[in-house]
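K.L.:
These are the residues of each chain, in order.
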Amino acid sequence: MRTVYLDHNATTPLDPEVYKVMEPFIVENFYNPSSVYSRSRKVREKVEEARAKVASLLNASPEEIIFTSGGTEANNQAIIGGAKANAGKGRHIITSAAEHHAVLDTCLRMEKEGFEVTVLPVDEYGRVLPETLEKAIRTETVLVSIMYANNEVGTINDIKTLAEIAHKNGSLFHTDAVQAAGKIKVDVKDLGVDMLSVSAHKLYGPKGIGCLYVKKGTKIESLLTGGGQENKMRAGTENVPAIIGFGRAAELTIERGTELENHIKDLEKILREGIKERIPDIIFTGHPEERIPGCVSVCFKYIEGESMLLLLDQRGIMASSGSACSSKSLKASHVLLAMGISHEIAHGSLRLSLGKDNRMEDVEYLLEVLPPIVEKLRLISPLYQGGR
Amino acid sequence: MRTVYLDHNATTPLDPEVYKVMEPFIVENFYNPSSVYSRSRKVREKVEEARAKVASLLNASPEEIIFTSGGTEANNQAIIGGAKANAGKGRHIITSAAEHHAVLDTCLRMEKEGFEVTVLPVDEYGRVLPETLEKAIRTETVLVSIMYANNEVGTINDIKTLAEIAHKNGSLFHTDAVQAAGKIKVDVKDLGVDMLSVSAHKLYGPKGIGCLYVKKGTKIESLLTGGGQENKMRAGTENVPAIIGFGRAAELTIERGTELENHIKDLEKILREGIKERIPDIIFTGHPEERIPGCVSVCFKYIEGESMLLLLDQRGIMASSGSACSSKSLKASHVLLAMGISHEIAHGSLRLSLGKDNRMEDVEYLLEVLPPIVEKLRLISPLYQGGR
Amino acid sequence: MYSEKVMEHFLNPRNTGTITNADGVGEVGNASCGDIMHIEIKVNNDVIEDIKFQTFGCAAAIASSSMLTELVKGKSLAEAEKITNKSVAEALGGLPPVKMHCSNLAADALRKAIEDYRRKFAKEGA
Amino acid sequence: MYSEKVMEHFLNPRNTGTITNADGVGEVGNASCGDIMHIEIKVNNDVIEDIKFQTFGCAAAIASSSMLTELVKGKSLAEAEKITNKSVAEALGGLPPVKMHCSNLAADALRKAIEDYRRKFAKEGA
Ligand SMILES: Cc1ncc(COP(=O)(O)O)c(C=O)c1O
Ligand SMILES: Cc1ncc(COP(=O)(O)O)c(C=O)c1O
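Residue numbers (the working numbering), protein chains in the order written: chain Y, 477 to 864; chain C, 477 to 864; chain X, 2 to 127; chain G, 2 to 127.
Hints listed in this document are in silico derivations from the structure and should not be mistaken for laboratory results.
Since this is a predicted model, take the numbers as computed values, not measurements.
By construction, the Cβ of each residue, glycine as well, lies at the ideal position given by its N, Cα and C atoms.
Derived contacts from chain Y toward chain C, CB cut-off under 7 Å, selection only: (1) Ala486; (2) Thr487; (3) Ile502; (4) Ser511; (5) Ser545; (6) Glu549; (7) His577; (8) Gly684; (9) Leu700; (10) Thr701; (11) Ala711; (12) Ala718; (13) Leu785; (14) Met794.
The calculated EDC-like cross-link candidates involving lysine to aspartate or glutamate, where the alpha carbons are at most 16 Å apart (straight line), are: (15) X/Lys53 <-> X/Asp117; (16) Y/Lys588 <-> C/Glu589; (17) C/Lys691 <-> C/Asp663; (18) Y/Lys518 <-> G/Glu5; (19) X/Lys87 <-> X/Asp109; (20) Y/Lys496 <-> C/Glu504; (21) C/Lys496 <-> Y/Glu499; (22) C/Lys588 <-> Y/Glu589; (23) C/Lys560 <-> Y/Glu589; (24) C/Lys560 <-> C/Glu616; (25) Y/Lys496 <-> C/Glu499; (26) Y/Lys560 <-> C/Glu589; (27) C/Lys496 <-> Y/Glu504; (28) Y/Lys522 <-> Y/Glu504; (29) Y/Lys832 <-> Y/Glu737; (30) C/Lys708 <-> C/Glu539; (31) C/Lys588 <-> Y/Glu697; (32) C/Lys560 <-> Y/Glu587; (33) C/Lys832 <-> C/Asp742; (34) Y/Lys518 <-> C/Asp789; (35) Y/Lys560 <-> C/Glu587; (36) C/Lys518 <-> X/Glu5; (37) C/Lys518 <-> Y/Asp789; (38) C/Lys560 <-> C/Glu592; (39) Y/Lys691 <-> Y/Glu640; (40) Y/Lys522 <-> Y/Glu539.
Looking at chain Y on its own, in the form it has when it is part of the complex (with noise of 0.2 Å):
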């Protein structure tokens, strides 16, 4: 059967490209990096050479590079490390509705260490305005913790202003550019965040590796404790060829520069247009324009999302419907709900996110499997009354 995978936003292919730079690192050279031999040594260069290439596609020094599991593990280390190491500033933390939930829960789970946390609205389009932020930040807020692009919608928040109010009071500012890495381009300096994070394999990078930025001069407190890896900031022995194949992930997303964005561009725009087309009674979700390329988050009325899934896989079609994380649970997306969707229209979502090997056929296909899907759907629902 024919497959069109259209869920990068989850997961992505590791890249051919990245998985041959890790291999050699898998069996063979499998020494740890912290011994004092040369074939140790050697594993250790590689491993800083992958530093300096995940920095520079953040514009970043490789001393600002605190390699982690992931992106829930950077986000949780930016949130807890930073709040903590900074506290003397105060017990606030400022974070947006529309967050990841390992942002979200994270920022409330700090309620129990003391912390106030206050949780931003968004817009419509899952934004957070930077007024609402000017409002709410006060003297004690020591963080700011707010998402670079959202995972469910796609929505690109306006980070440059958001940051300079934060710093303008003297508060840290952290971002969950998780999405954002390999889609549009992430440069710290020109965003000026203090901290930021990024995983591997939403990038064609593996599993398993994850990248917390952290500004030099920033205070922050490790999360693991052990033996002092990662400049003592973050313990346990490197998980070698996941750091070398995120160095090479990076590096091929540098070089594929504003291309991949393109060619993903052009398709996004037939998928849009051709959902519009041949169906009725839905609503695009996310920003029109402030979104990042390839993710079209669309709400069927009528229907549940768990359902088209079902009926899309049985095409060959893989999506999501809501958070990949969260797919299990039977709540609608909080961040669908965050921005004013009703339950009934929120529990109807479809997410198709495409990725760098998605051709124009990927997209016809979709566009032929989707709409007696939805009708299908649409005809055993008590909410259609076409079907009555």
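Given the coordinates of chain Y, assemble chains C, X and G with the ligands onto it according to the supplied hints.
P.N.:
Below, chains C, X and G with the ligands without anything else, positioned relative to chain Y:
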């Protein structure tokens, strides 16, 4: 040049059999196990199969296994998560002076969170004596964390007795079994522990993955918050290939049974006797019998460890001095010092740790190469009277 | 995740739609919890002669509705009322624990439809 | 980790050992910090005619000692005293930051040896 790897306590080579099962999940089956389509569900099944295998190695149930990014995270999770979730019992933690930094430093860090920490002394062999624990334990002791086998000297603690003492007192018992799993039998039921940490790369599995066994009914807080992975106990997209590799490594460990243990013990005996015969003024450290197989820890008087390692490296022999993780630090091993060994002697420590691929020729080669190296360094040492 | 039976019913749901001049109509659930089940029955001599459903919800909800209609079609009202949400789930070869709540609706909707029928019938009979 | 120069000196240390009837002896460091350097010199007409070292320590410490002896052998005491720990490290092509403290010992040991010589010489001269 001939190379002989004698640093298996630092990390082990990935078993090609393990690699074989991982490989299809690195590039081809890259799907996120939390997605709903069939290819993801197949990946999820493999993850759960791996969990069952790891559980079986430890004589645990699959639901009792939380996958983590390695031994360090498992230790941090156990200590922070265990102590915080049960702080109602009291805010006192007990650990030992011979622990790996991932336990020792994590316990000490809990002082910042309002916990009191008692670091138990160890005997000359590095063991925690049950009576020492008896004396230190109090009503408010929420958690006792004592390692199963020591990474530097190989000494095995009497976990069963120690866990009983903790339980009589109503305290949780955690053991760091990172150096035990794969080398000796690890049976959580027989040991009677509440939590137990394992790291895959120490048993011919991949780096970047480990697990924490948490006995059914044990209350613990998660360390990383976010998506609801690992039964809400450990957020983050699963490191699928590593988990599958860990499962296979566990299975191979079970299959090997005591065969490997015996092979390594035979080599170890010859290694020890050979060193004793050929080099004077040495001190073997660790317990003479209660010891994991393959770990030969020895101090050579008058000389310093790193010099030895570099000269061994010149001849293709890879070994370590003290813990791999602290090899960049300039302090003498805290484990050897805790055992009452002087700084001067502790600086001259060498750890040779055998593994499954070592053969008699490797031992013979080491025994040929090591004595002249020790002699050379002694001759330029101001502490060595033979040199004057 | 789902048993073969669940998938089979989800992909080929039986007895979907509505009945013209239904004798009883039942609906449970609401959109905020993610599932709505609507059941219509045609009753003759205390036997469910025809039954149709419409469901807004996940695969488990759709399959449960479909299975329920199969289980009760041709059964007496008394027999049909014995059907529990649990027996629907069992007939489907089990549901994932996280989805058990979805099958909780089908039998409830049927019961409401029977109640509705009884109410009308009582009136007519009176 | 180490420069080629460091490794070369570590693998083939120059001027190791002791001098019979040395004119000056200097020792610094202690075992608990992990490094001990012992230097002996033979002085003739205020020139270091011979120098030998013994070192307990890591590769950086051994290489630093060896390099120091090469740097000062044949030099006048005045010139030798100008040698700093930093210049030893530089001559070695640099040391890893974490190891800088090791080279701190070599010049100190030499200075002690020169002091020792001066003390003896002063007595004899007196
Ligand atoms: C916006 C965002 N943040 C964080 C994460 C978590 O990253 P990871 O799965 O690598 O832990 C994800 C992906 O699931 C994400 O989309
Ligand atoms: C006893 C012990 N505990 C914990 C660890 C840490 O394990 P990992 O490197 O997998 O984080 C190690 C290995 O370095 C160890 O030997």
